[in-house]
Structures are given as structure tokens and as C-alpha cells.
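Colleague: Here are the chains, one letter per residue:
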Amino acid sequence: MMEIQEELTLENQLEKISSLLPRGYRFVTMTVVDDGEGFDIFYHFDLKYKLETLRLKLPYGASLPSISKAWFAALIAENEIQDLFGITVTGLDIDYRMHMLLAEDAPVAPFCRVPGVGVSALKVETKSEGGAL
Amino acid sequence: MSMLIPYGPQHPVLPEPLQLRLEINDEKVISAMPVIGYVHRGLEKLAEQKDFQQDTYLIERVCGICSFIHSLTYCMGIEEMMNIAVPPRANYLRVVWSELHRMHSHLLALGLLADAFGFENLFMQLWQTREHVMDAMEATTGGRVMLGSCCIGGVRKDIDPAQAKFVLDQVAKVEKELKELVPVLLDDYGVKQRLVGVGVLDPQAAYSRGAVGPTLRASGVRRDHRMTGYCAYGELGFEPVVRKECDCYARTDVRVGELHQSIDLVRRALAKLPDSELKTPFKGNPSGEVAVRAEQPRGEVLYYLRGNGTDKLDRLRVRTPTFANIAPLLGMLVGCNLADVAVIILSTDPCISCTER
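First to last, the protein sequences are chains A and B. Using our numbering, the first residue of the first sequence is number 1, and each one after it goes up by one. Using our numbering, the first residue of the second sequence is number 1, and each one after it goes up by one.
Please keep in mind that the hints were generated in silico from the structure rather than gathered at the bench. Since the structure is predicted, the reported quantities are computational estimates derived from the model, not experimental observations. Hints are all accurate, no fakes.
Per label pair, the in silico range of CB-to-CB distance: (1) I30(B) <-> L14(A): 26 to 34 Å; (2) R144(B) <-> Y49(A): 29 to 37 Å; (3) I4(A) <-> T228(B): 15 to 23 Å; (4) P281(B) <-> K50(A): 28 to 36 Å; (5) L47(A) <-> E235(B): 24 to 32 Å; (6) Q54(B) <-> E52(A): 26 to 34 Å; (7) P65(A) <-> S2(B): 28 to 36 Å.
Calculated pairs, EDC-like style, for lysine to aspartate or glutamate (alpha carbon to alpha carbon, straight line, at most 20 Å): (8) K179(B) <-> E120(B); (9) K45(B) <-> D105(A); (10) K57(A) <-> D314(B); (11) K179(B) <-> E131(B); (12) K50(A) <-> E80(B); (13) K50(A) <-> E239(B); (14) K48(A) <-> E239(B); (15) K312(B) <-> D40(A); (16) K50(A) <-> E79(B); (17) K45(B) <-> D35(A); (18) K312(B) <-> D35(A); (19) K50(B) <-> D35(A); (20) K173(B) <-> D264(B).
Derived contacts from chain B toward chain A, CB cut-off under 8 Å, selection only: (21) M227; (22) A291; (23) E356.
All C-beta atoms in this analysis are idealised placements derived from N, C-alpha and C, irrespective of residue type, glycine included.
Turn these sequences into a full structure, and let the hints steer you where they fit.
Modeller: Shown next, in the form of C-alpha cells:
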């Protein structure tokens with residue numbers, strides 16, 4: 001079973017994750033789970049074949065600070081999270097603005113339990129008919 | 001003055017739709033930005049709507065090249081969640097099919113690389129050799145790419161002595177033909193001119209940018225997830241193939257080394273194939289969460305699974321090796337000649353269908 005090595009907060013997320021680089025960790029990926037009450041953001045790192053997972057609980061509508069300044073490899077995962085869950089990731093080096101994987105007319109935040117629930121109001125353009133909202 | 005070139009998504013040497021927006025100045029690449037999303041299918045979401053047994057076969061379709069290892073990794077995750085012990089024979093058979101998949105994937109990748117640097121005859125010869133591996137998979141499972149042989153708790157199919165002999169004959173043919181092809185691939189003057197010193201990824205950048213598989217090992221980092229001994233790798237003994245040159249040539253050399261290694265692993269696995277059941281029966285539904293990893297031909301794959309005690313998973317997440325190799329690829333392209341872009345991309349053996357799921 002997966003162990004959570006550390007619980008992160010929005011206040012200490014960047015500091016804790018940046019500290020892993022000089023300690024020899026390798027970025028593996030990020031996973032997001034919509035548990036119905038908010039998002040679980042998992043940061044997976046590898047050190048000598050051991051997977052270390054850090055978790056950040058993100059409320060719906062909150063923005064997620066990007067870790068791509070410290071871990072460039074996270075850039076693609078963070079853009080994917082923006083696309084699929086509608087979470088606004090701030091401070092991205094390259095921001096595809098929710099259209100890295102999804103086309104212009106694709107459903108908004110299709111991986112959310114309630115489609116579009118995590119999307120900040122600024123980025124959503126609701127449609128009169130069709131679409132996810 | 002710099003200009004922007006849209007490289008792909010339809011390009012003669014790209015087997016799948018990938019676009020790179022290249023900023024170039026006098027034939028030198030200044031920056032590269034990937035544009036993907038042409039083959040996104042939402043398979044992770046679909047997996048949440050199927051039951052966890054059906055997902056075994058759905059997940060196999062994430063990729064049309066390393067399909068078996070996708071279903072294997074997924075099954076390993078469910079087995080960990082449900083405490084299912086896989087019978088020894090099934091573990092050895094999983095190694096056999098995994099290594100056959102690695103062989104056909106590496107031969108495919110080397111052929112595409114040869115095509116990228118304009119050696120079409122070598123491309124066709126490598127793909128002809130690949131056919132022996134495809135025949136071995138068809139003879140043992142009935143499928144050439146989608147084997148459908150892995151299941152939760154073990155495997156669905158056995159390899160009998162006659163089939164084992166056929167597989168050994170096929171890998172012997174591959175080995176014989178590689179003796180003729182590898183010198184062309186690694187020693188030919190024209191080929192070396194296209195590969196040596198091109199697309200350099202230093203060890204520090206490879207590691208910090210999260211590179212995996214041959215892309216990481218060709219930069220001198222000794223890391224292969226088979227070292228953890230999953231399935232029967234721990235009993236068969238295993239050492240990663242590592243090169244230190246960090247360029248396209250090193251990545252090619254690593255794949256050639258791994259082809260020979262896979263031949264050896266198939267032989268040893270079939271020689272030591274233990275007698276046991278093929279599958280452990282189980283009841284119930286998965287609950288809890290796991291993150292499992294395995295080594296695909298392109299590198300480490302990660303599956304995150306969260307079960308809720310029903311027959312449907314709450315979440316299934318796949319991080320494929322090409323997804324991890326995009327960031328390192330962008331670093332390799334900076335400063336290269338425009339003419340080398342295709343070779344550098346193909347040296348990482350990208351699989352876009354995998355990446356986008």
C-alpha cells in the first residue's frame with residue numbers, strides 16, 4: 001500500500017518540495033484525486049527505488065502553486081492537471097491555459113466528479129448548450 | 001533573426017502526432033515547446049467506469065507497443081491491494097512476455113531511428129527481424145501486440161514445451177540477425193556521423209528532469225526498475241545496461257545492449273520455468289491506494305490506483321515513460337541543428353499514444 005511520507009500545506013509546499021532536489025530525489029510524477037470534498041494532490045518522488053509520496057489537500061476553487069521552477073519535469077504534469085481537473089496552477093513556466101491535452105471545444109475539467117467543480121471562475125466560459133457545465 | 005517552425009504533427013519521420021514549436025536562428029534550435037493532445041482518449045476516466053477486471057484489458061490498450069507491461073503493472077497494483085500472491089510459473093511467464101515486448105519495441109525504435117537518419121534499408125531489415133518476435137508472441141498467446149495473457153492473480157495462458165522451443169528458435173533467429181545488423185547500426189561511418197555527439201543530455205540534467213529508461217541509462221545513470229526484482233527478475237539476476245556518452249549514439253547502444261539482455265532473460269526464464277498453477281483465485285473488490293512501478297521498454301511506468309471496496313476504482317492514473325521523457329527532450333533540443341531534431345526525438349523512442357492516454 002502507498003505510504004504518505006509527508007502532508008503538505010499551501011504555505012510550506014514549495015519549500016518542502018524544493019528541498020528534495022539537493023537530497024538526491026528524482027521527480028516521478030503528480031497524481032490528482034477528486035475525493036468529492038476537494039482534491040488530493042500527490043507528489044511522487046524516487047530515491048534509490050523507494051517511492052516517496054507527499055500529499056497536499058487542496059480545496060475546490062483554490063489555486064495550486066507550480067513547482068516547475070524547482071522541478072522542470074513537473075511542468076507537463078501540472079498542465080495536465082489544469083486540463084483534466086480545472087485546477088488553476090500559478091507560476092507555470094509554460095502555461096497551456098487548460099488546452100495542452102484538450103481541444104478548444106472539449107468538456108471543461110472532465111476528470112472532476114462534478115465536471116467543472118474545481119475550475120476558477122476566471123477561466124471558465126460557460127456555454128449556453130452542450131459542454132460540461 | 002529567429003523564426004518559429006511548427007515541427008509536426010504530421011511529419012515524415014514522426015510515427016505519431018507530436019508537434020514541436022521550434023524557435024530557430026540560422027538552423028540552430030533556440031527553444032522547443034511541445035504541442036500534444038492529438039490522440040488523447042481519456043482512458044483513465046473510462047477505466048473508472050469499467051469494473052477492475054475489465055480494466056486489465058482496457059489498460060492493455062493504452063499502448064500498441066508495450067501493451068503487455070501496461071496490463072502487468074496494473075495487475076501488480078491490484079494484487080498488492082488485495083494481497084494476492086502470484087504463482088511462480090506465472091511470474092516467469094510474465095517475464096518472458098515482458099522481454100519479448102521489450103525486444104519488439106526496441107527493434108521498432110531502432111528501425112524508426114534508422115529511418116530518421118535516412119537509412120531506409122536498415123529500417124526494413126530491423127523490422128523484418130522484429131517479425132520473429134511478433135511470431136513468438138502470436139504462437140504463445142494468439143495475439144501479436146495485444147496479448148491478453150495477463151490477468152489479476154497470474155496469467156491466462158501457459159507456454160507448453162513445444163511453444164517454448166518455438167520461442168527459443170525465434171529469439172535465436174533474432175540473435176543471429178542482430179550479429180549482422182548491429183555492426184551497421186553502431187560502427188557505420190555515416191550512422192555515427194548522425195548520432196555521436198548529437199542530442200547530449202548530461203547525467204545531472206537527465207536525473208533532475210526526470211528522464212527514465214534508455215534515455216536515463218545512456219546518460220550514465222544506473223537505474224532500471226527491474227533491479228527491484230518484481231515478477232521473477234530477482235531470481236533471474238539482472239544488471240542494467242548503462243552508457244556514459246549521453247548522446248543519441250549512447251541511447252542506441254543501450255537499446256542494442258538491452259536486446260541481447262532480453263534474449264538472455266527469455267532463455268533463462270524458459271529454462272527455469274517452474275511447475276505451478278497459473279493463477280491464484282481471489283474474491284472481493286480492491287480497496288485502499290497503491291502506486292506501483294515497472295520497467296517498460298521506454299522506461300519506468302507508474303500506476304496509481306485507488307479502490308473503494310466496490311468493483312469500480314475511484315481513480316486510475318498512469319504516468320508513462322514518454323510523459324517523463326518530454327522535459328529531458330526539450331533540453332536536448334536546445335542548441336542542436338534543425339536537421340538533427342528528428343534523430344534526437346526518435347532517439348528517445350517517443351510513444352505519444354501512451355503519453356496522452
